[in-house]
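**Q** Top line first, the protein sequences correspond to chains A, B and C. Mapping the first sequence onto full-length UniProt numbering, position 176 (from 1) lands on 176, and the numbers just tick up by one. Mapping the second sequence onto full-length UniProt numbering, position 346 (from 1) lands on 346, and the numbers just tick up by one. Mapping the third sequence onto full-length UniProt numbering, position 105 (from 1) lands on 105, and the numbers just tick up by one.
There's no promise every hint is true.
[What the hints assert, rightly or not] Residues of chain C placed beyond 12 Å of chain B at every Cβ, according to the derived structure:
| # | residue |
| --- | --- |
| 1 | A38 |
| 2 | L55 |
| 3 | S121 |
| 4 | L220 |
| 5 | G261 |
| 6 | R300 |
[Stated by the list, open to error] Distance windows between CB atoms, simulated:
| # | chain 1 | residue 1 | chain 2 | residue 2 | range |
| --- | --- | --- | --- | --- | --- |
| 7 | C | A6 | A | R515 | 51 to 57 Å |
| 8 | B | A348 | C | E163 | 33 to 39 Å |
| 9 | C | L263 | B | A93 | 50 to 56 Å |
| 10 | C | L217 | B | R24 | 49 to 55 Å |
Since the hints were derived computationally from the structure, they do not count as laboratory data. Model, not experiment: these values are computed from the prediction. Where is the CB? At the ideal position from N, CA and C, for every residue including glycine.
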Amino acid sequence: MSLLAVRALRVRYPGLTALDGLDLDIARSETLALVGESGSGKSQAALAVMGLLPADAAVSGSVRFDGTELVGAPRRALDRVRGARIGMVFQEPMTALDPLFTVGHQIGLPLRAHRGLGRRQAAARARDLLGLVGLRDAAGRLGAYPHELSGGERQRVMIAMALACEPDLLVADEPTTALDVTVQAQLLDLLAGLKERLGLAMLFITHDLRLARRISQRTAVLRAGRLVEAGPTDRLFAAPRAAETRDLLAAEPAGRKSPPPAGAPTVLEARGVGVAYPGRRGLLRAGPPRVAVAGIDVTLRAGETLGVVGESGSGKSSLGRALLRLEPAAHGLVRVEDRDLTRLDRRQLRPLRRGFQPVFQDPTGSLSPRLTAGEIVAEGLRVHAPSLGAAERDARAAEAFAEVRLDPAWRHRYPHAFSGGQRQRIAIARAMILRPRLVILDEPTSALDRTVQRDIVALLRELQAAHGLAYLFISHDLAVVRALADAVLVLRGGRAVERGPTADVLERPREAYTRALVAAAGLGPA
Amino acid sequence: MSARDLDDGASLALRVRRRLLGDRLAGASLAVLLGVALACLVGPLLTGHPYDRIYYDYPRTPPSLALYPRPGTVEPALARLAFRMRVRAEDVAVGPDAVRLTLAADGPVDARVLTYFARSDLFGAARVLARSGDGTRLTVEAPLRRTRFLAGTDGLGRDLLTRTLAGGRVSLALGLMATAVALGIGVAYGAAAGYLGGRADAVMMRLVDILYALPFVFFVIMLVVFFGRSVGLIFLAVGAVEWLDMARIVRAEAMAIRRQDYVRAAEALGLTTAAILRRHVVPNTLGPVVAFAALLVPRVILLESFLSFLGLGVQEPMTSWGVLIADGARSIETSPWMLLVPACALVATLMALTLLGEGLADALDPRGPR
Amino acid sequence: MLRRLAQGVPTLLVVVTLSFFLVRLAPGGPFDLERPLAPAAMENLRRVYGLDQPLLVQFGRYLAALARGDLGPSFSVRDLSVAELLARGLPVSATLGALALGLALALGVSLGGLAAWRRGSALDHAVTALGTLGLTVPGFVVAPLLQIAFGLTLRWLPVGGWEDGAPRNLVLPVATLALPQVAVIARLTRAGLVEAAGRPHLRTLRSLGLAPRTLALHALRGAALPVVAYLGPAAAGLLTGSVVVETVFGLPGVGRYFVDGALNRDYTLVMGTVVLIGVFVLVFNLLTDLAYALVDPRVRDQG
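Build the full structure now, drawing on both the sequences and the hints.
**A** Right under this line is the structure:
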């Protein structure tokens, strides 16, 4: 008999069906991966199992846990199961813990509620649990508040809470998505180890097919609220049956960059670029400066792509801003198309800016909500082609829309009317309308689903080929970098750890840090 | 729509419903406000009473639809009038529109005493119908001056409705002007501090912090007491007090917007600082600023009323809601309407403004309702 | 925290400076009575009170005296120092303020809590309406209405007077003072609880199968933050409110002294009151910061 049996589970909101007839079975000690893109309803499934859906959600169908029906169960009955026999780990380690209570107190809560432990016993057990999830100095951390811990540590605390009462099932909703790859890898190892030791069954929810493949025995694929396919993980990845599964698998970044033509002109030459923020000011004197980037050299030829990889805080975005001359705290030599930008002030720099343009990560934040898409795209022309009239600018904007495969008729809409992928196309059009030689792409695909990402990657390749663009491609995602870059620069703590041709760095890394990154990324075969 | 948005999407339905409810409230508030503003603007012209006209015959008249003078009051009034004219009133006949009576005296009656009729609040100019041969009896007819005091009169006999509406003009105008002053200073100061950032911002905001900790109402009182109770000074003082919040809000918005990628993109496009402020920063601060300004108006009106209530605000014969309420509070025992009428006007306006401001804040907040 | 205390000093200095020069630059003097004094007598008075000295010297003297805690003699109430006057008024105002604040906290938090607990119910709407009403109906309207209702019509309570703080005399003033604060605190509590209930960490607690009581405890602690942050401004609100309340109910408090002092151009009394109020506001802001740090460990670490 399966531990968890979900039958015909439907979750509806007014005007929206989030989950439409889900059937799942999880046996004891089995890990089932539930994969799907955003909006597929996978988190809704987890919340429905836990009885945590918001009040205006209408749930029907059946969720039986070890013979007990959970859908429609009274709260008391649910609370005998939740926390005691099913634990849950959430995606956001920053917000899932109460900032006002100590870690020890919070881990003790389920123990006191379900096991009837006293305060002191609960604290002792909490210390053991923190040790179990591999938190260093477990005893000392009991009195710590969540804000004193790193993201990975908080997620470990979260796991300790979920496992406090030794549940049979752990529901993990994207537990590693918000974390850096190396931390992600450590947590996955931890979860796998705990599963073995405690005989846990696990419902592992993720958008990342590679993670699903790594951790689960069986996989279920959701798309638009419907179960597309379910089966043993090995079989599903080797021989997907549903077209949607094949589409998802095909969306993994693929292909390689062909090298730029020999003798292509140099577009960007940067020497010893660094960013040092002034130290926190005291009342009278400044503290020591905080170095975000130190001594980076970059050379880019037309048609060439350099991938800049690193974890959060590695300085890769600061480097991008420094090269764009948008970072007041930057120093070092930057030449774009043989013009030395180092000594130019804002006014002198202005006419040259059309040669190098950025595309940012957050497709929502990079477009002003109060301007139409057309105005946003045409904005650069106001600076660099002031002689153009409004009608001509609009015509150019329409052309730019067509170039990024957006319907030009949509240029009168406001940003919120577009999807994430479409917004990113608008951001690309805003850069492309100036015909730049260098585009600095700061995580342009990171906030997008793989299938959307694939299309943006295709567009970037196309534009590069058509205009001989040089790309500086900043990303934490080694798979995308491998597909797009000629060469890779690995940053850590603002310093270059390793650099070289993409194939060399990602397949034969020399440095330990690069090896850790590559291993954590779980890059599939080339 | 990501799975996380779905959670938000669920509350979105709630949010929309709440916003609809808020909108209905906000719409009603807007209607009330427009009504009050219109009434204050043209009302004093339509009530038929100048706001400073004193009806000596009608002090503390309670509100009613009745026409004055009341039938029973005409004859005593005539008697009083006759006493002042040093004549006897005889053969008094009170008609619907006029009174007819004979003025009798021991000596000849001087027709000039008839001016007493016109000077009274009850009658119009009298004309002589007949004169007895020896001049001791004068038969006259005087039209009744028929008036209504829908909201009653104050202690001096001034029409309260007119005074309330006229006071409303002052209160509303002060509210708007002081808000404009606060808006001007606050937006300029806050946007500059937020966009410049760094040390300039630190110094500017430290100043605001210090000013914030001052017991400002007391300063306003001192200002008004020592430098005269002029309307201009009041609104300057109020505006100068209330800009602090605005500056903080605008600064916070400007700082948040400055970190947005679209501002970085605009910088990378080479837009000038002025263009970035104009095209990107200011339009995106507008929502909270408008909402806060709407909430500021009632605060200013309240502050003005407070000063006027203490006798430190608008001075007689000019009036404002605060003055009227202060008047009313002093005579609650004898004439409670004197408190209730202006208080209702003030409270209705404040409530409408507050609800409208909150509705606006909800609707304009890009992060959704608070 | 020591730094916060140090920051209060310049603020206080600004208060003193501003009020000093505002008072001195004003036209008219403390001895401009209806019947003008003989020039010689006037000169004499001015010399006695040091008003013949240059402004900066007067300011210096005032600061020096202030540093010793001396607020100077009152100009209008002969034979009494400002400190003595304020010592009479302070207990009145403090009693009113403390009672009103306590009442507002107790009532506001419970009303806000009930409204959030039964969200969308008639009770919730009633609390919201009361909140708006309490915010928009000014004290100088509430006070006379209360006087009509309880003093004149029902004759339960006196319409004014202090009578050494007899409880009967305190009810109406305290109610008037507390009403707007109840409104704000109820709104803050409700909003805080509703927001806290939507926070991810509360979902975490629910996923652990904890009792509603535990959840409520966590939500309340989160909702306490905006309420605590409001206490500083609330103190200021009580101070300004007390001016009205003391006027309407005829209570001999600090607010009343301030207005009378201002009307009589009693420089030292006005300044003494402002300094006292400034100190009071500062202390309350400081206490608020302390309380905030007590509730929120994140603030504690920022120093």
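**Q** Verify that the Cβ of G261 (chain C) lies farther than 12 Å from every Cβ atom of chain B, and report whether the claim holds or is violated.
**A** violated (9 Å)
**Q** Would A38 (chain C) pass as off the interface with chain B, using Cβ distances and a cut of 12 Å?
**A** Since the minimum Cβ distance to chain B is about 25 Å, A38 (chain C) lies beyond 12 Å and the statement holds.
**Q** Can you tell me whether the CB distance of L263 (chain C) to A93 (chain B) sits inside 50 to 56 Å?
**A** holds (55 Å)
**Q** Regarding the assertion that L220 (chain C) does not contact chain B, is the least Cβ-Cβ distance greater than 12 Å?
**A** Given that every Cβ of chain B is farther than 12 Å from that of L220 (chain C), nearest at about 19 Å, it holds.
**Q** Lying within 51 to 57 Å: is that true of the beta-carbon distance A6 (chain C) to R515 (chain A)?
**A** holds (52 Å)
**Q** Would the non-interface assignment of L55 (chain C) survive a Cβ cutoff of 12 Å against chain B?
**A** holds (15 Å)
**Q** Would S121 (chain C) pass as off the interface with chain B, using Cβ distances and a cut of 12 Å?
**A** holds (14 Å)
**Q** Taking 33 to 39 Å as the hint, is the beta-carbon distance of A348 (chain B) and E163 (chain C) inside that range?
**A** About 37 Å separates the Cβ atoms of A348 (chain B) and E163 (chain C), which means 33 to 39 Å holds.
**Q** Examine each Cβ of chain B, and state whether all of them lie more than 12 Å from the Cβ of R300 (chain C).
**A** At roughly 20 Å from the nearest Cβ of chain B, R300 (chain C) sits farther out than 12 Å, so the non-interface label holds.
**Q** Range hint 49 to 55 Å: satisfied by the CB atoms of L217 (chain C) and R24 (chain B)?
**A** violated (36 Å)
Checked against the numbered hints given earlier, the structure breaks hints 5, 10 and satisfies all the rest.
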